[in-house]
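Asker: Produce the entire structure from the sequences given, and follow the hints as far as they go.
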Amino acid sequence: MRNPRLPVLVGTALACMAAGFLPQSQGDTLTVTKRETKLRSQKRLLSAAVADLREGDRLAFNSKDGAWLNVTWSANGSAKTGWLHESDVTAKKDVRLSGQGIREKYTVSEAEAARKGFNPQVEKAYRDENPGLEAAFALVDQIQATSVPDAEIERFLREGRLLKEDGR
Amino acid sequence: MSTRRTWLWLSAMVALPLGLVACAQALGVLEDATDPNSVGGKLVRGANRLRKSAQDLDPSEEHYIGRTVAAQILSMPRYSLSTDTAMTGYVTRVGLGVALSNDAVRHTFAGYHFAVLDTDEVNALACPGGTIFVTRGLLKDASTEGELAAILAHEIAHVTLRHGLSAIKAANLTQAFQYLGSGALQAAGTDNQDLQKLATVFDDSVKDVVGALVTNGYSRDAEREADRLGRTLLAGAGYDPQGLSRVLAKMSHAGGQGGMFATHPAPSERQATLGEALPFTADAEGEAVRAQRFAAAMTR
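Chains as they are written, first to last, in numbering that gives the first Met the number 0: chain X, 0 to 167; chain L, 0 to 299.
Calculated directly from the structure, the hints in this document are not laboratory data. Among the clues, some could well be false.
Covered stretches of chain X (chain L as the covering partner; in silico rule of three or more C-beta atoms under 8 Å from a C-beta of chain L) [to be verified]:
1. 60–67
2. 76–89
3. 92–102
With beta-carbon atoms standing in for the labels, derived distance ranges [unchecked claim]:
4. Arg157/X with Lys249/L: 25 to 35 Å
5. Gly210/L with Gly65/X: 30 to 40 Å
6. Ser24/X with Thr173/L: 29 to 39 Å
7. Thr145/X with Ala290/L: 23 to 33 Å
Because the structure is a prediction, the values reported are computed rather than measured. Beta carbons: idealized from backbone N, C-alpha and C, even for Gly.
Answerer: Put into structure tokens, the structure is as follows:
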């Protein structure tokens, strides 16, 4: 008969492993995994930006509140503190990065790390093998180049009376 | 069960995963510190092949798989990209409104993007990484902005829950992780045979996802999971959460075409799974504004 404790055990193991990708204590280093994101002044996505971040940027973890992490980003001799959604970053040391966002100041070993996953190199090799898809990839580029400013989304939500007074 | 055995179980449940986390993190540190050509370096990199499931793919890897899935869909004769920028802009605002109003939405490498497929087919397709297609046929069937938001919330839930990536067959993932862990890409150059092999495995993985999205549909469990999260997202964005059940029931006639309605549980079963209705206070003034802009976007 199937052990009824097994799902609990597996679930606990998976939850704990996922926790390994999240910061555990103050000062832990986090790596930005989004191509671009913003450090926010408040714990909500449409709040004012404190700084623009790019994939590969390293941050120091301060604290956690729900899905939001308070972090400090130090660059060019200054430090900025703000909030980021937990899915914008990882605490994993060996995270695969695309290499698209890595700033020049990063070391060679990190650039090498960026070449270990499904990444632009693999896409290029795939496209070389499938030239018939070039027109479709151009359309994907067109779709993914579309960007709507936060202020416009906020206006749209307010116009439709979907946003509460506190902006949430 | 005796108290002693209970404690043993609890200890094992805590110690095992913590040990695994410690090992995984130690491997990352060791990989940074070792030469890839040394015996130690090879051992460490071999251990990194321990990545097993789609959940182990990192956000940028999901992005490149998702881009190629989207390209495959757009290359199909039955799907062409709508050039109606006003309609696409409206769908994008509704979708981003849902995504940006909810902390429960997982952020993807390049964010969420929305596009309209110019076909009468009633369907919606969520590519890994957050490119979401809705068809003109679906938009025609939707009566309100809330119904459109409900469909988009359901699709955002599929992305958040990585359902597309989960469709990649274990054998393909294992092979991919073997190549990636081998450090084959350390040698740059597109003439690298390993890179070409990896591109082949990448192709197989993409085909698995496209098959689930376009032909076979997700499992019923995945659909129920997306229903549950989708309803929460809908409520979080200020729309009537019951709108999801209503719109999926209304569009269930589209079943059998692949995509979102291929395997969806029957409306009555879906409602039973969702359970009690979430609280919602209707706002006539907001409803009127949304009805007006929905009509304006759909009648172009």
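Asker: Quick one: see if chain L covers the region 60–67 of chain X, three-plus residues with Cβ-Cβ under 8 Å.
Answerer: The restraint on the region 60–67 of chain X holds, since 3 of its residues have a Cβ under 8 Å from chain L and three suffice.
Asker: Assuming the hint says 30 to 40 Å, is it satisfied by the Cβ distance from Gly210/L to Gly65/X or not?
Answerer: Given about 37 Å between the Cβ atoms, the range holds.
Asker: With a cut-off of 8 Å between beta carbons, are at least three residues of the region 92–102 of chain X near chain L?
Answerer: As far as the region 92–102 of chain X goes, the hint holds, because 7 residues have Cβ atoms under 8 Å from chain L.
Asker: Tell me if chain L covers the region 76–89 of chain X under the three-residue, 8 Å CB rule, please?
Answerer: holds (count 4)
Asker: Does 25 to 35 Å hold as the CB distance between Arg157/X and Lys249/L, or does it fail?
Answerer: For Lys249/L against Arg157/X, whose Cβ atoms are near 29 Å apart, the range 25 to 35 Å holds.
Asker: Given the hint of 29 to 39 Å, check if Ser24/X and Thr173/L actually sit that far apart at their C-beta atoms.
Answerer: Holds - the Cβ-Cβ distance for Ser24/X and Thr173/L, about 34 Å, lies within 29 to 39 Å.
Asker: Between Thr145/X and Ala290/L, is the Cβ distance one that fits in 23 to 33 Å?
Answerer: At 26 Å between Cβs, range holds.
This entry satisfies every hint, going by the numbered hints stated previously.
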